[in-house]
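A.B. asks: Construct the complete structure from the given sequences, taking the supplied hints into account.
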Amino acid sequence: MGTETVSLTGVSLKIFQENLDFAFRLYKHISAQPDSQSKNVFFSPLSVSVALAALSVGARGKTHLQLFEGLGFNSTEVTTEEVNQAFQHIHHNLNEKTDVDLSLGNALFIGRDFKPRPEFLESMKRYYESEGFSTDFSKPEEAKEQINKYVNEKTKGKISDLVQDVDPLTVMYIINYIYFKGKWEIPFDPKATKEHDFHVDDKTTVSVPMMYEEGGFYIYHDEDISTHVLQLHYNESVSMMLVLPEKGLQGLEEVVCKNHLRKWIRSVEKK
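Counting along the sequence shown from 1, when you hit position 27 you're at 27 in the UniProt record's numbering, and nothing is skipped either side.
Read the hints as simulated data drawn from the structure, not as lab findings.
Since the structure is predicted, the reported quantities are computational estimates derived from the model, not experimental observations.
Be a bit skeptical, because a hint or two may be false.
Unchecked claim - 27 Å max Cα-Cα, derived DSSO-like pairs, lysine-lysine:
1) 247 with 263
2) 181 with 125
3) 181 with 194
4) 139 with 156
5) 158 with 183
6) 247 with 39
7) 154 with 125
What the hints assert, rightly or not - If you anchor each label on the Cβ, the simulated ranges turn out as follows:
8) 132 with 156: 15 to 23 Å
9) 134 with 225: 47 to 55 Å
10) 35 with 269: 35 to 43 Å
11) 165 with 64: 27 to 35 Å
12) 140 with 33: 22 to 30 Å
13) 74 with 185: 34 to 42 Å
14) 171 with 267: 46 to 54 Å
Cβ atoms here follow ideal geometry from the backbone N, Cα and C, with glycine treated the same way.
C.D. replies: In structure tokens form, the structure reads like this:
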């Protein structure tokens with residue numbers, strides 16, 4: 001679980017907090033799927049929310065309302081402009097970080113016969129730092145190569161085959177990417193890494209290389225949900241939060257929410 005310190009105020013802060021709710025709802029939905037059982041679940045809730053918020057820019061009526069409600073936004077309390085400005089703020093803050101290698105962006109691959117409204121394209125560029133490309137979806141292999149090449153470049157080779165198959169009837173692809181590379185504030189000594197047993201579940205144990213470091217770390221024991229929390233810093237504004245439940249992962253997944261995350265960030269102490 002990664003954490004970023006982003007300065008937000010007013011309505012933008014409210015939107016960001018509501019988006020945390022969306023992140024946990026989405027995680028619970030994904031982890032509850034039959035094909036996710038006993039598997040690692042890895043995704044960026046920010047990427048999903050950015051893509052859906054960007055899509056809402058071009059939506060109207062019921063579709064726009066459904067996208068807003070799905071993201072947890074109340075259209076009677078926040079406007080489309082305020083949501084756009086909040087995500088613009090997030091993009092700007094994350095992409096401005098110079099002490100880690102972090103980039104967030106979007107791209108539109110638009111079918112040659114589809115003509116989006118100019119104001120939609122302008123909003124995508126202004127608020128979501130989105131690039132636009134004309135794509136011939138009637139040639140699926142060429143379209144797939146174009147999209148995958150773009151993603152491969154933006155993620156510095158980490159994601160090379162995002163798109164597997166392209167439907168020739170496709171109108172548009174909205175692609176979101178996020179790339180991160182950082183160094184631990186307190187590096188682990190490679191010489192201390194040793195093989196140890198890792199318990200996947202009650203029935204499965206595998207031997208894996210485990211890093212080891214002795215010292216003071218930011219930790220917290222959440223007695224309310226019987227969970228240990230460890231925060232490892234890359235620097236002052238970027239960190240990773242590791243969560244270890246005492247009574248199994250499923251129980252934690254059923255109850256964890258944004259309030260727990262906020263409490264953990266506030267409560268960790270160096271010991």
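A.B. asks: None of the hints should be skipped; say for each whether it holds.
C.D. replies: Hint check:
1. 247 with 263: With a Cα-Cα distance of about 20 Å, the restraint between residue 247 and residue 263 holds, given a limit of 27 Å.
2. 181 with 125: This hinted pair holds, its Cα atoms lying about 25 Å apart.
3. 181 with 194: Judged against 27 Å, a Cα distance of about 24 Å means the pair holds.
4. 139 with 156: holds (26 Å)
5. 158 with 183: holds (17 Å)
6. 247 with 39: This hinted pair holds, its Cα atoms lying about 18 Å apart.
7. 154 with 125: Satisfied, since the Cα-Cα distance of roughly 17 Å is no more than 27 Å.
8. 132 with 156: 15 to 23 Å: holds (22 Å)
9. 134 with 225: 47 to 55 Å: holds (50 Å)
10. 35 with 269: 35 to 43 Å: For residue 35 and residue 269 the Cβ distance comes to about 39 Å; the hint holds.
11. 165 with 64: 27 to 35 Å: Holds, at about 29 Å.
12. 140 with 33: 22 to 30 Å: holds (28 Å)
13. 74 with 185: 34 to 42 Å: Hint holds: Cβ distance 39 Å, inside 34 to 42 Å.
14. 171 with 267: 46 to 54 Å: Holds: the Cβ-Cβ distance is about 48 Å, inside 46 to 54 Å.
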